[in-house]
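With chain L held as given, fit chain B onto it using these hints.
Protein chains: 2
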Amino acid sequence: MKAITLEQIAEILREHDNYLILMHKSPDGDAVGSAYALCMALRKMGKRADTLCGDEIPPMYGYFTELAPNEGVEPEFIISVDLATTSLLSGRTADYSDRVDLCIDHHGSNTGYAAVGYVDGKVSSCAEIIKYLFDVMKTDIDKAIADAIFTGICTDTGCFKYSSVSPATHRVAAQLMELGADSAYICHLMFDSKSRGKILLEKMVLDTLEFYCGGALAVVCVTLDMMKSSGAKDCDIDGIASIPRQIEGVKLGVTMREKPGGEYRFSVRSCDEIDASSICKSFGGGGHRAAAGCSINKDKETAKAEMLDVCIRAVEGAV
Amino acid sequence: MKAITLEQIAEILREHDNYLILMHKSPDGDAVGSAYALCMALRKMGKRADTLCGDEIPPMYGYFTELAPNEGVEPEFIISVDLATTSLLSGRTADYSDRVDLCIDHHGSNTGYAAVGYVDGKVSSCAEIIKYLFDVMKTDIDKAIADAIFTGICTDTGCFKYSSVSPATHRVAAQLMELGADSAYICHLMFDSKSRGKILLEKMVLDTLEFYCGGALAVVCVTLDMMKSSGAKDCDIDGIASIPRQIEGVKLGVTMREKPGGEYRFSVRSCDEIDASSICKSFGGGGHRAAAGCSINKDKETAKAEMLDVCIRAVEGAV
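As given, the protein sequences belong to chains L and B, one line each in that order. Reading the first sequence from the start, the letters are residues 993 to 1311 in the working numbering. Reading the second sequence from the start, the letters are residues 993 to 1311 in the working numbering.
Chain L on its own, in the form it takes in the complex:
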């Protein structure tokens, strides 16, 4: 993949027409916010542009995702946003795996699958990069675009909490608010609003909390039964994975989740001294240093024991 500048991207986006913007599966606020912001900006330039995701866009993003699709036109130029690897494409987006023209991303681990790309692993979110691109393009950012970018930034930073937040991130947030982004509404919706199902699920999950390594390792479990009896939806699981690591003294937090078919999905969250992605790599997964994931296709006790074994060694090695 040839690395290009934001100025070169702006040039490319002027040249073509009929863009398709791809999102990864299980799209989060950064994927959705980046894709829709870019799509709206391209349409403002008089271009044809659409977004595509293998999964349904969660309805909570409805305040900026209600765009009429362009029907029946074969896309000419394929763009991916917030997509580290094409293995995260699913459904109809997977058809474009081998023909992504331009990639805009903030994952240092980006596999370089596109013809050209702009990847900056130091920026908080893909949406923050999109904002810098719009500065170069002199895009007229309206309220909907500002809401979309703000959503991407705040969701990918845990509402400005993570170490990926820079002074520039806060300045972009200030500008977006001045351009109409409804910061309080968005933050409430993304962070202070829980379904009754999620509240119930959290309570059930806390009942499974176990500590190891003198309290430095915490493990919780989400079963299919819990999902069913709580009435929680898949998108309600997002915050659950951060619960064990939030507990005082915990250096490594593990959430194991039963998937239909018997597989167990692990979300691993770590503190500075421990590399969650290397733990998950040993089971064929990956991610960031502080947050990673993997799957183990064995029965519950075996899967848990194998994960615990690697985690306990990681915690003991870090002390």
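The hints are simulated quantities; they were obtained by calculation from the structure and are not laboratory data. Heads up, some of the hints might be wrong.
Each pair may be met inside one copy or between any two copies, as identical chains are not told apart.
What the hints assert, rightly or not - Under the rule of at most 25 Å between Cα atoms (straight-line distance), these lysine to any residue pairs were calculated in the SDA-like manner:
1) LYS1220 <-> TYR1088
2) LYS1220 <-> LEU1181
3) LYS1135 <-> GLY1150
4) LYS1039 <-> LEU998
5) LYS1186 <-> ASP1199
6) LYS1039 <-> GLY1172
7) LYS1195 <-> ILE1004
Note that the coordinates shown come from a computational prediction; the quantities given were computed from them, not determined experimentally.
Same frame as chain L, now just chain B:
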């Protein structure tokens, strides 16, 4: 109380020596951050300055509150920060109730108890006002001062979530990071770190969750027994009060808490349409429109029934 400008405050602070800065009881991040930031800035000017609080400063703020006290000097000039009313002074701070020389606050409901004061109810936090004061004073903001101000701003805004956050708030956050504020560390400590006691308490509190008004009113209860058996501390209660209001569909969230002596303390959190402070005023309490509190000195069932009665009418009136 005579309203004065930040420039006039800067002038006053140059004139005097030997300041005492008062904090309200049960001090939060904004009270502690504002008081210590101001104290450190005054000391940098060569002044004698101390902070005083009727309650212990929670140890979680230890990264900026380790200041050697000035012993045995009677304070000459008394300043209050983040203090809406002198009824929130307790212990040794209450001795100064009638002689506060200068008040710096962001509560629109400030009762005007001081000789002179600067109150701006539109600013996110008292700490944000302190930052603007330091701009006027040309204070050399070092890392500890930046950490203290950042702590005040982020704790009083739920980490930049509330509607009190303005574009200026984000710009101040950016500047503070550049001056050394450890944003990620502070945010993790304030928002992503829970004691085991708090986790246990949350679980117990969720067991008491009740809905009224078709789900628009949610009530939880914290008893002395729960506090004891969970091992949670007083400062662990902070986040509990926001739980009921966070549930989807809830317009009014009430947390009732048993206090030693049999009194019940109510924390009321509301959405835009409902004024929490007017609900609490009818029981002799007060606060902001979205977050207020009061006490009822009756047995549990009576106290709850009286509060529910007022809340149900408020919810039904808002529909």
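Outcome of the hint check:
1. LYS1220 <-> TYR1088: Close neither inside one copy (34 Å) nor across copies (58 Å); limit 25 Å.
2. LYS1220 <-> LEU1181: within (24 Å within a copy, 34 Å between copies)
3. LYS1135 <-> GLY1150: both (22 Å within a copy, 24 Å between copies)
4. LYS1039 <-> LEU998: within (19 Å within a copy, 51 Å between copies)
5. LYS1186 <-> ASP1199: both (19 Å within a copy, 16 Å between copies)
6. LYS1039 <-> GLY1172: within (24 Å within a copy, 44 Å between copies)
7. LYS1195 <-> ILE1004: Intra 50 Å, inter 53 Å, cutoff 25 Å: neither.
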